[in-house]
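Enquirer: Chains A and B, in that order, give the protein sequences.
Residue numbering for the first sequence follows the numbering used here, starting at 250 and increasing by one per position.
Residue numbering for the second sequence follows the numbering used here, starting at 1092 and increasing by one per position.
Please keep in mind that the hints were generated in silico from the structure rather than gathered at the bench.
Small disclaimer: the values here were computed from a predicted structure and weren't measured.
For glycine and all other residues, C-beta sits at the position ideal for the given N, C-alpha and C.
Check each hint, because a few of them may be wrong.
Claimed, not checked - Straight-line C-alpha distance at most 20 Å; calculated DMTMM-like pairs for lysine to aspartate or glutamate: (1) LYS1295/B / GLU1267/B; (2) LYS887/A / GLU1525/B; (3) LYS1562/B / GLU1525/B; (4) LYS682/A / ASP1553/B; (5) LYS1562/B / GLU781/A; (6) LYS1568/B / GLU874/A.
Said to hold, decoys possible - Residues from chain B that keep clear of chain A, each with C-beta distances beyond 10 Å, as calculated: (7) ILE1105; (8) ARG1183; (9) ILE1194; (10) LYS1215; (11) SER1227; (12) CYS1263; (13) GLY1277; (14) HIS1320; (15) CYS1328; (16) GLU1384; (17) ASP1427; (18) ARG1438; (19) GLU1476; (20) HIS1477; (21) ASN1489.
Chain by chain, the residues run as shown.
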Amino acid sequence: MSAASEDRRNQEIIDYEEKTSRGGASPDELSIHTETGKTSTSVDSGPSPSGTPRSTYSEHDLAQRSDSPEMSLDLQSSISASSENIASTEIKSTQGEEPEPPPRKMDDIPLLAGEQLQARARDVTYLCPYTGPSRGTLSVTNYKLFFRSIDREPPFILAVPLGVVTRIEKVGGATSRGENSYGIELFCKDMRNLRFAHKQENHSRRIVCEKLQIFAFPASHKLLYFAFHNEEVYSENGWTTYDPIAEYKRQGLPNECWRITRINESYELADTYPAILCVPSGASDDDIQQVAHFRSRGRIPVISWIHPESHATITRCAQPLVGVGGKRSKDDEKYVQMILDSNPQSHKLCIMDARPNVNAVANKAKGGGYESEDDYQNAEVIFLDIHNIHVMRESLRKLKEICFPSIDDSHWLSNIESTHWLEHIKCIIAGAKKIADKVESHKMSVIVHCSDGWDRTAQLTGLSLIMLDPYYRTIKGFEVLVEKEWLSFGHKFAQRVGHGDDKHSDPDRSPVFLQFIDCVWQLTRQFPNAFEFNENFLITILDHLYSCLFGTFLYNTEQQRVKECVKTKTKSLWSFINNNLDDFVNPPYTTYLHQHVIIPVCSMRQIELWTAYYVRWNPRMAPQEPVDLQNRALMHFKRQLQRRVEELQRELAAKNTGGIQTPPRVSSPVQT
Amino acid sequence: MVCLQLLHRNIDCIERRFDANRGAIVIKCKNLQILRLDIPGQEEALNIADSIETLSTLEDISLWYPFYFRPRQFDILEDGWQAFNVESELTRLISHADHSWRISHVNKDFTVCPTYPETVAVPKSVTDELLLASASFRDGGRFPVLSYYHGDNGAVIMRSSQPLVGTTGRRCKEDERVLNASLRPGKKGYIIDTRSPNLIQMAKNRGGGCEPEVNYSQWKRVHRPVERHTALQESLCKLVDACNDSRASMDKWLSRLESSNWLGHVKDILTCACLTAQCVDKEGASVLVHGGEGIDSTLQVTALSQVILDPDCRTVRGFEALVEREWIQAGHPFNDRCGKSAYSPARSRYEAPAFLLFLDSVWQVYQQFPCSFEFSTQFLIVLFEHAYASQFGTFLCNSECDKRKLNLQRRAVSLWSWVNRPEVLQNYLNPLYEPNKSVIWPSVAPQSLELWSELYLRWTQDNSILDETNKQILCIKEHNKELRTKVVRIRRQLMDLQKEAIEKGLLAAGNHGNTETASEAYSSSAS
Chain A
250 MSAASEDRRN
260 QEIIDYEEKT
270 SRGGASPDEL
280 SIHTETGKTS
290 TSVDSGPSPS
300 GTPRSTYSEH
310 DLAQRSDSPE
320 MSLDLQSSIS
330 ASSENIASTE
340 IKSTQGEEPE
350 PPPRKMDDIP
360 LLAGEQLQAR
370 ARDVTYLCPY
380 TGPSRGTLSV
390 TNYKLFFRSI
400 DREPPFILAV
410 PLGVVTRIEK
420 VGGATSRGEN
430 SYGIELFCKD
440 MRNLRFAHKQ
450 ENHSRRIVCE
460 KLQIFAFPAS
470 HKLLYFAFHN
480 EEVYSENGWT
490 TYDPIAEYKR
500 QGLPNECWRI
510 TRINESYELA
520 DTYPAILCVP
530 SGASDDDIQQ
540 VAHFRSRGRI
550 PVISWIHPES
560 HATITRCAQP
570 LVGVGGKRSK
580 DDEKYVQMIL
590 DSNPQSHKLC
600 IMDARPNVNA
610 VANKAKGGGY
620 ESEDDYQNAE
630 VIFLDIHNIH
640 VMRESLRKLK
650 EICFPSIDDS
660 HWLSNIESTH
670 WLEHIKCIIA
680 GAKKIADKVE
690 SHKMSVIVHC
700 SDGWDRTAQL
710 TGLSLIMLDP
720 YYRTIKGFEV
730 LVEKEWLSFG
740 HKFAQRVGHG
750 DDKHSDPDRS
760 PVFLQFIDCV
770 WQLTRQFPNA
780 FEFNENFLIT
790 ILDHLYSCLF
800 GTFLYNTEQQ
810 RVKECVKTKT
820 KSLWSFINNN
830 LDDFVNPPYT
840 TYLHQHVIIP
850 VCSMRQIELW
860 TAYYVRWNPR
870 MAPQEPVDLQ
880 NRALMHFKRQ
890 LQRRVEELQR
900 ELAAKNTGGI
910 QTPPRVSSPV
920 QT
Chain B
1092 MVCLQLLHRN
1102 IDCIERRFDA
1112 NRGAIVIKCK
1122 NLQILRLDIP
1132 GQEEALNIAD
1142 SIETLSTLED
1152 ISLWYPFYFR
1162 PRQFDILEDG
1172 WQAFNVESEL
1182 TRLISHADHS
1192 WRISHVNKDF
1202 TVCPTYPETV
1212 AVPKSVTDEL
1222 LLASASFRDG
1232 GRFPVLSYYH
1242 GDNGAVIMRS
1252 SQPLVGTTGR
1262 RCKEDERVLN
1272 ASLRPGKKGY
1282 IIDTRSPNLI
1292 QMAKNRGGGC
1302 EPEVNYSQWK
1312 RVHRPVERHT
1322 ALQESLCKLV
1332 DACNDSRASM
1342 DKWLSRLESS
1352 NWLGHVKDIL
1362 TCACLTAQCV
1372 DKEGASVLVH
1382 GGEGIDSTLQ
1392 VTALSQVILD
1402 PDCRTVRGFE
1412 ALVEREWIQA
1422 GHPFNDRCGK
1432 SAYSPARSRY
1442 EAPAFLLFLD
1452 SVWQVYQQFP
1462 CSFEFSTQFL
1472 IVLFEHAYAS
1482 QFGTFLCNSE
1492 CDKRKLNLQR
1502 RAVSLWSWVN
1512 RPEVLQNYLN
1522 PLYEPNKSVI
1532 WPSVAPQSLE
1542 LWSELYLRWT
1552 QDNSILDETN
1562 KQILCIKEHN
1572 KELRTKVVRI
1582 RRQLMDLQKE
1592 AIEKGLLAAG
1602 NHGNTETASE
1612 AYSSSAS
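Okay, chain A solo, but in the shape it has when bound:
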């Protein structure tokens, strides 16, 4: 036996033992929420509760196991040869009824209130790109796909909300030969693909596919999203998190220069805007109507944020309808002047156009364009060079290609570079930084827009608000920020994410919100104690961006959400999050530091790939030490102690102030 092959043999033995020796957190603990269906994360962490070996020191060996089809086939054939006889398919369709009482423990799958089993196929093989094939039972509910292996102890479990599925493909046909060549492949929005192999003779694929199609793409089948069936109960009501009037009030609005208007109450002025807007008080409703005619989709400049001291503002809008002829609107110019006048600190105003200059010019041909500095005296137009949704979608596609399933060891960094993803992230942060800097250091008011003002504009205002206002770095504040800058101002979540829609190549899809969250993560890296929330908070938001478990991100506009009664018929993501705050708190967060502005560094060296999100399905990315759990335990312990101290202090006080007559009620004596 050669040294190399001998070595590989050792490797296998070693890897196997490593599972038991690792002191890390078990996925059991890590995936608590998967079990209860609360979040959709479930790492492909393999068969063992103490985690798969993440470290394989013979690269060659790993490649063999994860990538080589021959290898998988070998393993599979030895498994399935012995199991030919047990093969049986059992398909239950329990639509509209209570799910059948659990017949056997093995078939028992965790269900949410309102979740129903739709199909079940036995003897299905999940082809894990990391730990090899695993045979078990695949269940489909109206919310998730659930796979439990029977050939490993403890069983390997995979729970994936159907909302993340972007495409379902059948692999192989009735005539396919060879192990695992016949089955289903699911392409997911959260940076992974899942492949299942069925046995032709079981005829289980058809029903699974059918149910998957229906419940992964309810919108295409004229069905309701699962959020409308979700009957989970939370003690918090997340729908009350954001109240626009209260948020304006927090910022000190209305004031002498700005008024709150309900002109858009019936969404007639701008159907993609919220009902309540804050506009310069000098602008009458008629003026506003006129300005709306000159702005794309009626999206007039409205306030996002006002500086508490200088009264410099960030306002957002859509591009002006200048067109090739270079149209002007006196009303719009007057309106912009009013925004400038509301800020006594500066005689200039900055218009940040998120697009590259050429794109802004090109938009003129389509009737859009940008403000000419000649017409808007006192305004300076700056282009921020952020690319459009199509460029971003392509960049993410490339990123997924290099992150999943396997990573090219030798070209990892240059591969990342070639996706340009980090460059785009940097560009967005740099743009937001420019805005924050103008407002904070130059006391200038800034108007932000791109073409429609719901993608790049939301990224820029959202990020600059986080930089400027510590409130948005708290959990509650961040929730308000998402509700305000993204949801109420009409970022088209349904279209960009493609909720429940089977048109996977829809050109309107784009990871705009993902990019925003990535940027926020970059900020948390640079200012680790300026944020109340942790990484898990951001990942949870992204998971539920796709999951359709909550009503929060459904539909494109506030108008649609009101029409569909989202607030009364579904639960809010913030209900879930505020109910489990412990999981989302960042222990080193300090309120007294970073009271005001955080200005990030935008050098490429500072921008990192968020591997904990993009590469998280790779078992090697699982955290080596359960820092999160430790933190949580510590926080819990701290609270316990604090409570105890308070209790004891109260008792002490009671005794010292003559409470001797009423001795404290001492509970639960413990035998020692």
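Use these hints to put chain B onto chain A, whose structure you have.
Expert: For chain B alone, kept in the frame of chain A given last:
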């Protein structure tokens, strides 16, 4: 007023720039800092530059600062020269080994191997005569010695240099016996060679080579090539170059980082160390590690695998002992390797950032196990700085032998004397430390390895935010402690009051149970 202090030895190179009648000196330091001094008057600038250059390139070691440095700010509480005495360290190492290993003084006065310490640990059954024969068959006389004894299963890591096999296939039965004596009955061992087969062939032509399997039938040979010398130095230069390039066009940052291949070298070393650790911990097999001379990559691998295997090496004292034993006393030629750093254009072929690469690898493991190390990453940076330029004598010279010749222990102060002082050390402790007794297996996947920005970017980026976070963690710890003492104090007060109440007959006896619950809650959470 700005006060700037710089050790002469810290200066890697100096550049003179002149325009009109102003001069500028750019000082590039070994700790990667770059300073620019503007000096009015060309003449002065030139003079200053010349003096600095002369002072920073003194050839005679005994003129260097460590020989003049006398600590005035502190008394020596514990002499660092004695802190990690070879003999006592080795005795401790083999104390678990039920007498199968012994201490040998065969190298007394450094006569057998000038790069080894006087005291080494060898298999018990091996006589000094066998060692002498084996030494004559090994490059530089570096015969196989004990590096680590794994208490869990008795497997060991040994290190040596290459055997002098040569093209004629020389054989040394004594050497074979020395090696075989380290094996336990019925167990095979591994020889991990840090060179590629090509390199070994070249070494053969120059009289070196590797152990042929026919003669060493109880050993399996494994090749894990890791890069050495010039290639490492070039890699570091490219890396530092990329890190210092602050030009606007940063879109090529990642590909420059990749093409420096520094992280690739880190990965190679880590992989090799992990393999060594696996053989020891999982297979229970003994391992002999060597490359060519056995003073660079060999030490990287043996030291790093001990960090992985041995929880002691992750404490402050343990890591110091490791550096002392596996690097300084094992004869890593710090003087040759760390003479110049990443900037100097005048390089000798002996320079190589082998030690820095080791520290970087430890940092990578640290990133994955942030709670398992007693020291902070700052401590690693301190070691890096002192390895290249120091007022202390610890990293001077190429070997123990050289140190003895200069009578260094008498004439200079040890780094450990300073760093182990409580008021110094407290700055280098990891607040998150929770002793972790198990072996820690790092991931070596490329996405798991990061650039050590705390070190390479520390002069170009602001790290104050990270410091603040550390402070915050310390505050939390402090607050925790306060709360605990407060609980204890109040509990005591309560007990007193209860006792008083019972004495006065106001409270029934035996009713003070809930103070116990608190302490129980505490102990259960704390455990």
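Enquirer: Now tell me, hint by hint, if it's right for this structure.
Expert: Checked hints:
Between LYS1295/B and GLU1267/B the CA atoms are separated by roughly 18 Å; this keeps the pair inside 20 Å, and the hint holds. Proximity of LYS887/A to GLU1525/B is assessed by CA-CA distance (about 17 Å); at most 20 Å being required, the pair is judged to hold. Proposed proximity of LYS1562/B and GLU1525/B is supported: the alpha carbons are some 18 Å apart, at most 20 Å. Restraint check for LYS682/A and ASP1553/B: satisfied, since their Cα atoms lie roughly 17 Å apart, inside the 20 Å limit.
For the suggested pair LYS1562/B and GLU781/A, the alpha carbons sit about 17 Å apart, so the restraint of at most 20 Å is met. A distance of roughly 19 Å separates the Cα atoms of LYS1568/B and GLU874/A; the hinted pair therefore holds under the 20 Å criterion. The claim that ILE1105/B lies off the interface holds: its Cβ sits roughly 26 Å from the closest Cβ of chain A, which is beyond the 10 Å cut-off. Against the 10 Å criterion, ARG1183/B stays outside the reach of chain A, whose nearest CB is about 25 Å from its own CB.
Against the 10 Å criterion, ILE1194/B stays outside the reach of chain A, whose nearest CB is about 32 Å from its own CB. Distance to chain A confirms LYS1215/B as a non-interface residue, since its nearest Cβ pair spans about 28 Å, more than 10 Å. With a closest Cβ-Cβ approach of about 28 Å to chain A, SER1227/B is found to remain outside the 10 Å limit, as its non-interface label requires. Listed as outside the interface, CYS1263/B is consistent with that label: its C-beta sits roughly 22 Å from the nearest C-beta of chain A, beyond the 10 Å cut-off.
Its beta-carbon lying about 17 Å from the closest one in chain A, GLY1277/B satisfies the requirement of being farther than 10 Å from that chain. At the 10 Å boundary, the C-beta of HIS1320/B stays outside the reach of chain A, the nearest C-beta of that chain being 22 Å off. At the 10 Å boundary, the C-beta of CYS1328/B stays outside the reach of chain A, the nearest C-beta of that chain being 17 Å off. For GLU1384/B, the non-interface assignment is confirmed: its Cβ lies about 23 Å from the closest Cβ of chain A, beyond the 10 Å cut-off.
For ASP1427/B, the shortest C-beta to C-beta distance to chain A comes to about 30 Å, beyond the 10 Å cut-off, and the non-interface label holds. With a least beta-carbon separation of about 26 Å from chain A, ARG1438/B lies farther than 10 Å from that chain, consistent with its non-interface assignment. Under the 10 Å C-beta cut-off, the non-interface status given to GLU1476/B relative to chain A holds; the minimum distance is some 21 Å. Separation of HIS1477/B from chain A is adequate, the least Cβ-Cβ distance of about 26 Å exceeding the 10 Å criterion.
Every CB of chain A is more than 10 Å from the CB of ASN1489/B (nearest about 32 Å), matching its label as outside the interface.
Taken one by one, the earlier hints all hold for this structure without exception.
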